[in-house]
Amino acid sequence: MDNLISTPLKELHIEKGAQLGEFAGWEVALFFTNSIEESLAVRNEYGLFDVSHMGRIIVKGKDAQNILDYLTTKNVFKLKPGKIIIPTAMLNEKGGFVDDLSLFMLEEETFLIICNAINRVKMLNWIKSNASKKNAKVEAEDITLKTAMIAIQGRKIENLDFLPSKLERENFIRDEEILGVHTLLISRSGWTGENGFEIVTNVEEGKKLWRRFLEKGIKPCGIVSRDILRLEAGFLLYGNEISEEIDPVSARYWIFSLSKEEYIGKNAIQRIIENGVQMLRACLVMKDKGPLPRKGAQIYAGKTLIGTVTSGGYSPSLDRGLAMGYINPSFFYLGGTVQIKIRENLYDARIQEPPFFKK
Amino acid sequence: MENLYPKDRKYTKEHEWALLEKDVAIVGITWYAQSKMKDIVYIELPKLGKKVKKGEVLAVIESVKTASDVYSPVSGEVIEVNKDLERNPEILNKDPYNKGWIAKIKITDLEETKQLLSAEEYQKFVS
Numbered sequence: 000m001d002n003l004i005s006t007p008l009k010e011l012h013i014e015k016g017a018q019l020g021e022f023a024g025w026e027v028a029l030f031f032t033n034s035i036e037e038s039l040a041v042r043n044e045y046g047l048f049d050v051s052h053m054g055r056i057i058v059k060g061k062d063a064q065n066i067l068d069y070l071t072t073k074n075v076f077k078l079k080p081g082k083i084i085i086p087t088a089m090l091n092e093k094g095g096f097v098d099d100l101s102l103f104m105l106e107e108e109t110f111l112i113i114c115n116a117i118n119r120v121k122m123l124n125w126i127k128s129n130a131s132k133k134n135a136k137v138e139a140e141d142i143t144l145k146t147a148m149i150a151i152q153g154r155k156i157e158n159l160d161f162l163p164s165k166l167e168r169e170n171f172i173r174d175e176e177i178l179g180v181h182t183l184l185i186s187r188s189g190w191t192g193e194n195g196f197e198i199v200t201n202v203e204e205g206k207k208l209w210r211r212f213l214e215k216g217i218k219p220c221g222i223v224s225r226d227i228l229r230l231e232a233g234f235l236l237y238g239n240e241i242s243e244e245i246d247p248v249s250a251r252y253w254i255f256s257l258s259k260e261e262y263i264g265k266n267a268i269q270r271i272i273e274n275g276v277q278m279l280r281a282c283l284v285m286k287d288k289g290p291l292p293r294k295g296a297q298i299y300a301g302k303t304l305i306g307t308v309t310s311g312g313y314s315p316s317l318d319r320g321l322a323m324g325y326i327n328p329s330f331f332y333l334g335g336t337v338q339i340k341i342r343e344n345l346y347d348a349r350i351q352e353p354p355f356f357k358k
Numbered sequence: 000m001e002n003l004y005p006k007d008r009k010y011t012k013e014h015e016w017a018l019l020e021k022d023v024a025i026v027g028i029t030w031y032a033q034s035k036m037k038d039i040v041y042i043e044l045p046k047l048g049k050k051v052k053k054g055e056v057l058a059v060i061e062s063v064k065t066a067s068d069v070y071s072p073v074s075g076e077v078i079e080v081n082k083d084l085e086r087n088p089e090i091l092n093k094d095p096y097n098k099g100w101i102a103k104i105k106i107t108d109l110e111e112t113k114q115l116l117s118a119e120e121y122q123k124f125v126s
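Just so you know, the protein sequences line up as chains A and B, in that order. Read in numbering that gives the first Met the number 0, the first sequence has 309 at position 310, and its numbers run on one by one without any break. Read in numbering that gives the first Met the number 0, the second sequence has 23 at position 24, and its numbers run on one by one without any break.
Hints listed in this document are in silico derivations from the structure and should not be mistaken for laboratory results. Any given hint might turn out to be false.
To be verified - List time: in silico EDC-like cross-link candidates among lysine to aspartate or glutamate, alpha-carbon distance up to 16 Å:
| no. | chain 1 | residue 1 | chain 2 | residue 2 |
| --- | --- | --- | --- | --- |
| 1 | A | 288 | B | 89 |
| 2 | A | 288 | B | 111 |
| 3 | B | 37 | A | 36 |
| 4 | B | 105 | B | 76 |
| 5 | A | 215 | A | 157 |
| 6 | B | 64 | A | 157 |
| 7 | B | 6 | B | 119 |
| 8 | A | 288 | B | 83 |
| 9 | B | 21 | B | 119 |
| 10 | B | 64 | A | 36 |
So here's chain B without its partners, still in its complex pose (with noise of 0.2 Å):
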């Protein structure tokens, strides 16, 4: 089961990822997010610029069956989007990891990021 929750990042219980690289984080959906959504066909990025806070509603990604939220598991400003995804969201789902990163957030409150979960603590909690 380790390659479903990678051990270099950390994640929320609302099934995001966060790779941190010192003071910016790339974020994506895990794996047993986009298995339960399935089917992904659209998503709506963030804009550049946008500042969220830790729990705030970052993008939207809809499949067949319905429109999720993915929150944002970091507190700081939106620097990048991954634009491939909006002419193909498909990534999403075949590839959540590496392709499939939604979002570069330059943190500003690295003292938050504690309390994300380990790989080891995520596959706990969904399993």
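The shape of chain A in the complex, shown without the other chains (with noise of 0.2 Å):
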């Protein structure tokens, strides 16, 4: 595929006859087998994911923290070597998402910026430019390329010995061993709504690390059951529910303090709690088993035309459509039933909050 970036692991996934595909830029798996088998592999046991195409980009220098915490919207000062911010964001100055991430002090003037693939460029260039106007002694380096990131996730993963069931959540170590390959960062995170670890490596252990958890018989996943695993966590996806466009309280995405002094998008934040909100986040689902909710789909109250879905699709858990998507805020009501417009019909929805699954 043409300008495409692969993944490290390709190879790895053809072996084991993924269908590959693009995703923001990146060519990687779609599914290895089935992803209604995978995304409930993780939900009743464990599985494999090859997130290489997350962005990595390391601050360090004198003034990195100062710069981070004017850049991001969670306190950074609060942090420890060791300790994540996850998730947190940066906003533009009129309150839009530049990008949501999550934020890894490694050392004293070292950080780790975990991002969306999307967006890896424009968080270079965003935090560059920020500090060079600022005046701040940093540098910003993307390792994306020269590493690897594998995510471990499911109900059951404490029942992988040779995973640090130890390391609590928003902690990570560095360094490691895991089954003879060393390991730059292991984190105790996720985006699927279950427990987890998500890996760090270069290249070529990333490789061998991925071998050994498929000897270990963890079932691989691909791109498809991370996004229906995400939608039934209720977690939001750049570029559908959040982009430069919209911010965190329509999205009502609470990665935001207000209790902090300043940070780029603060002021914007600030004058849209004053004056109210034109549409808001809202998490739909099916009343029926039926046709799908997709991305783009219109949303009505009755006759009236209320908002438009921003992600859908089939909920495996659920057994029917699930969906995200902005409405206006009169007719949201936790409980309360909308419709969506599918080919022409509209279908009863749920406005209910997440998760999705079984906890």
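Two independent chains are provided; combine them into the complex using the hints.
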């Protein structure tokens, strides 16, 4: 495929019979066998994801903590080496999302940002240009292509005794071995709603570790199942639920601090809170098993058009359609019924709060 | 590859099959179609008595990935639909040629069926 960056684990995925496809400018594994089976494996047991496409940017220097505190929505001075702020975000002056991200403090004056694949280059430029405006002494380096990233997630992850089960959420460890393979970083984190770990390695170690996990019988899962799992967990996807034009208040994405003194976008957020929002993000569960709500579908309250679906599809946990979208706040109430238009017909959906799977 | 495209029926370039029995066509989707759609989770069946022209939308199949139209390979009237598919749409993936039949259509223009592809022609088309 032209102009796509291939995941460093591509050859291993081909060996396993994966269907490859495009995501955010990357050639990734869409699925290995069947996306429904793969998502249920994570809900019932565990699964393995190649998330090497995620952006990984190192920010270091004397002023790193200051500039990151100015650029992100949560308090970076609370961070200590070995801790993560997850999720946090960088906003533009209007309060729109530059990106949502995880921020790791590796050591004094050195941080790692893990951001969305689609925003990797934009984020690097955003950090550099704002640092130079502030005369901050920092360097930002994109290490994405030099490294691999693997997520291992699932309800029964504690049964896997080769993983660092004592590691607490929002914490990470560095330079540990798993199954004889050296890793750069292992964090207790994920994007599936289940318990799990995310692991960053050098490229060659990443290939080795992926093989070792497969040898342990862990089911490889593609990006389609990852999208199903995050939708069931109610997590927002950049480009769908959030963008430069959407603020965290409308998104009901509570990643910002109002007690923090200053950061880009804070004034905008305060104005938005004072003036009210034009739309709110809602999670919508189809009332019946039937056609699926898809991105772009219109949302109605009776005959009134009240919004648009931003993500939608099939939920294996609910065995019906599930969506997220933005609606007119006057029609937003939990448990309320709205209608989604699918091919000229309206179908009932209920406004509910995630997660949409049994805890 | 023979079993992927049984020789007892005809095919369309839109990946439907039609098993012709006198003036009735039993209609479904091909092995190739289901393998491309993957993970089928819903089918919108036509109503009984619906009159369709060849090439018109007969049903809609939804997979995890996308919604796909199924076009009628013949002109005629829908006389029976496979209700089992509503409860168990995954049959379309597992057994597209037998239990996965979608509808029976009483053909109004038998002449048209001559334009349908043979198994051999269809196999060449998809390979």
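Hint-by-hint comparison with the structure:
1. 288(A) with 89(B): Holds - the C-alpha atoms of residue 89(B) and residue 288(A) are around 14 Å apart, at most 16 Å.
2. 288(A) with 111(B): With a Cα-Cα distance of about 37 Å, the restraint between residue 288(A) and residue 111(B) is violated, given a limit of 16 Å.
3. 37(B) with 36(A): holds (12 Å)
4. 105(B) with 76(B): Answer holds: residue 105(B) to residue 76(B) is near 5 Å, not above 16 Å.
5. 215(A) with 157(A): Within the cut-off at roughly 14 Å; holds.
6. 64(B) with 157(A): violated (32 Å)
7. 6(B) with 119(B): Holds, at about 8 Å.
8. 288(A) with 83(B): Holds - the C-alpha atoms of residue 83(B) and residue 288(A) are around 14 Å apart, at most 16 Å.
9. 21(B) with 119(B): violated (22 Å)
10. 64(B) with 36(A): It holds: about 14 Å lies between the C-alpha atoms, which stays within 16 Å.
In this structure, the earlier hints numbered 2, 6, 9 are contradicted, and the remaining ones agree with it.
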